[in-house]
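S.K.: Dock chain to chain to rebuild the complex, using the hints, since each chain is given by itself in its own frame.
Taken in sequence, the protein lines are chains A and B.
In case it helps, our numbering puts the first sequence at residues 470 to 776.
In case it helps, our numbering puts the second sequence at residues 3 to 299.
Treat the hints loosely; a few may be bogus.
Stated by the list, open to error - Quick look at which bits of chain B chain A covers, simulated, 3 or more residues with Cβ under 8 Å:
1. 252-259
2. 265-277
Said to hold, decoys possible - If you want the footprint, here are the derived chain B segments under chain A, 3+ residues with CB under 8 Å:
3. 140-151
4. 227-237
Keep in mind that the hints were calculated from the coordinates and are not lab data.
Note that the structure is a prediction, hence the values are computed from the model and not measured.
The beta carbon of each residue, even a glycine, is placed where N, CA and C say it ideally should be.
The primary structure of each chain is shown beneath.
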Amino acid sequence: MLRYTVRRLLGAIPTLLILIALAFFMIRAAPGGPFDAERALLPEIEQNLRAVYHLDEPLYLQFLRYLGGLLQGDFGPSFQYRDFTVTELIMAGFPVSLRIGGLAMLLALAVGVTVGSIAALRQNTRIDYSVMSVSMTGISIPNFVMAPMLVLVFAVYLGWLPAGGLGDGSFANLVLPVISLALPQIAYISRLTRGSMIEVLRSNFIRTARAQGLPERKILLRHALKPALLPVVSYLGPATAAVITGSVVIEQIFSIPGLGRFFVQGALNRDYTLVMGVVVFYGTLIVVFNLLVDLAYAWLDPKVKYA
Amino acid sequence: MSADLAETAVPESSSGRSLWVDAWRTLRRNRAAVVSAIVIAVMAVLVAIGPFLSPYAYDFTDWSNLSTGPNLATGHVFGTDTLGRDLFVRTLIGGRISLMVGIVATFVSLVIGISYGATAGYFGGRIDHIMMRIVDILYAMPFMFFVILLMVLFGRNIVLIFVAIGAINWLDMARIVRGQTLTLKHREFVEAAEAQGVATFAIIRRHIVPNLLGVVAVYVTLTIPQVILVESFLSFLGLGVQEPMTSWGALVKDGSEEMESAAWMLIFPAVFLATTLFCFNFVGDGLRDALDPKDRS
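For reference, chain B alone in the conformation it holds in the complex (with noise of 0.2 Å):
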């Protein structure tokens, strides 16, 4: 407390506070936020380095231990699954997949909503009209089944997975960078740039792509848990990815067809599959609560 007192002693002059420096401050004070970050963190590094440390590959079959409960004697942390894989092991490698589905086709349909947007709102007039019209039809559309459609189609691998889910969720990015296009781009700075005769494209990677960063970090955070969620949903009705390799929508499936006889194979890739949404979800909100100008005092 004293030291916000200090740091709030210090003259504004002195150093403008940023956007940035301020969400800090705000998103540091939302406890639940910060804990779900550590978490995130927590089930990240578990994820990339855990493997490593248990004894069992995640497609080896311990015969000796067909569908056992959580075992601490034979390694088996978790328990096996009904081939005898090791399920620590699986539930990581698992969650490797979900958090690199949801990081990198966040990550496409970034970059496909960002530019699709701040060039609509940049433009504006008839090409913004006709850009946000098209996005407007594409909306009505029934993505999941499109998803489905499409892995049925051109068979089920990985790749297809990120662009699929990363080419259906733009359509927000889109509409939300459009509207703060709009905003900025009658703002001073763009004025001027426009006047000194920086070209259109320069001004829109210049001046409003980092301008926008705001909004797009919310989003993001609440994107990632979704893509994930669309993903273990593919997989867990079967068109995800594909044996040996798992991920924690196919691990709950392959759980609950057995969670008569073998609980914890439904249960371990359950928690940690809903912990790390909760802890996106989580993060969002606070970022939204810490980024958005309608809040500031």
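Excised from the complex, chain A in its bound form (with noise of 0.2 Å):
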């Protein structure tokens, strides 16, 4: 296991090499410079400012500056926000992103492994087909469609909840934007869970198990749930990235302060250091949990032999 472990970390290096890089010579890529905006400067000043942020050394001094910098935390200056740096940004907004992400996370592993489990135990009856209709809308549903629909709904119509914002980072605050985050992974958890549980209660053990004369609450906690929940073990790495993904629009929509906002922003802006920076950020936390849930995965199921 030990071993497994070291090999998996070390194989995230590349990874995450290759994603800094490829963010870093796409901007460098790209046509036009960052001072090249509003009004055209003199040239000594813009000779003074390339010199500042180190425009004018090589590209590949550039890119090792950039890695030295990422190493001990550093994102480098926003080229919009003049006062902050982008590690200042991004410590500002990423609390906000995860907690509504982390929220929408939980609420869809909980509701979707529990709606999932009870279509399968009732397989190919009403409730059964009810719930996979309403999952497979859920899927098709986008999330920016739905966040709206709901604002319209439960903020407009009924005003039970507001519509946007974060206030005081209270309950009612969280309620929408949470729900539309976490509605299209509680459709695709269930039915997930739905799939290999069918698979799980048609084996042998649990054939065995009820043979026993265990009772089936028993039967289900303790035997079959484990295996089960092994595919949604390893959608847990999509999950996140599409939960990181959808953060984007829903905060967007309900105008929270989060990371996914400055991210917007900052591409309409082409404020490029901040874009690559939170790009760079989501990308390492990505691979990060890829690899945690792999290791998760090796650990829980005994016939993944990591030698």
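M.R.: In structure tokens:
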């Protein structure tokens, strides 16, 4: 297990390097520089600016400098918000995004697994069919369509919940963003759980448990749930990526001052360093999370050999 | 039912039941998939010829009807947006863009994915190992962010959207095709071709690729809605198609900004988008059931 862990950790390094290099060189390949925005600068001033940001050095040196900065948690200065570094902006936005994304993941797991298991236990009944068609709808309706619809119903027509903003971060402000972020994942996880649960319930060890006269509740919780959850565990990696991507639009819709909103603002303002910083930050997060999921999977599934 | 019986009574030897005949039969029995396919076809026709049936152009401003609700008398059956543009025509024009992106970008990913996957799978060994390792690494990348980065850097033009989305979507296709190729390449007909000295790429093209089509067909129908979704996502963020051109994502964005005063601006495009995605998913599911060799009885 230790060897497997170490090997996977080492394997993540080239992935991260490629991620950073892709983002870095893509930005450098783009037409236009960061200073040719509003009005033309005097050549001397532009020269000085380029020197300050080390833009006059050879490309590979700039890349190494950026890498070195990243290792120390320094994402460089923001080109738009002159008074902040990108690191400061990320640290300001990320906790907000983390709270909403984390809650959405927990909600998706809890509801998805429960609903999926119920559908599997009642396979081919009316309950099963309705759960599955509802979840198909959940998969088909993108969250940027679902979110405004929810706002329309619960905030505008019914007036039960605030339409946007974080306010003081109270529960009511979180309900709609978290639900709209979680819904597609609930749909996905419930379908996954249903499928694997049906397969597990047909397997021999469950039949044995039944033959021994164990109560159904115990069979389900003690024996069936763990193997049935394996596909869900391996889906957690893509799910995290989806929730992070989703949070970009959700934060936009609900005007939540999270990292996703900074990202979109940065993208629209052509704030290259900020955009690159967020790509690298979220990319790293996704890579690390995938790694953790793989390790958890190896630990949970006795069939995976980790030599 | 009796027609079914009559058909099965024909001796197998007279004509082999091909995969496609079988699949077609299974698919026809799946009512949800058939209805969805019809809805998609209707949607495609509507989007293609609908705009010609309306007296309004998609970028025409009707100053006497700014932001009015659905109204048959004025001919604005879906109402107008805040700039007085006819929402019915805009929804259809937006649908053209969304469907076109869906099909073209899927085609791009199809071409890359099949050639990459078939090559890796057929050559095997070290080449396969390296090629698949590259796919693994690319898999870990946060693609949505890279597409956004691309849009920011190189401007928001529609060709780039096609290419960018297609270029990120080929990974799954490459993996599936490679797996299928690995099982195909040891089959007798491939050995026979090899024994006859057929050139490698000719074998891939003539013997491997046609046998991949079943898997690919399933995957294509599931990729199209994904791609439409990505494009809508970008347009929603304001990074996709640019005004006055529009797509369903852009319309949903406009609608979500005006929904308190003009709910129809949100509801019509949202319903069109969701219906299309829904139907593609159903057809994809149906095709998978029909073409999955595991289920054959």
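S.K.: Of the hints stated earlier, which fail here?
M.R.: none
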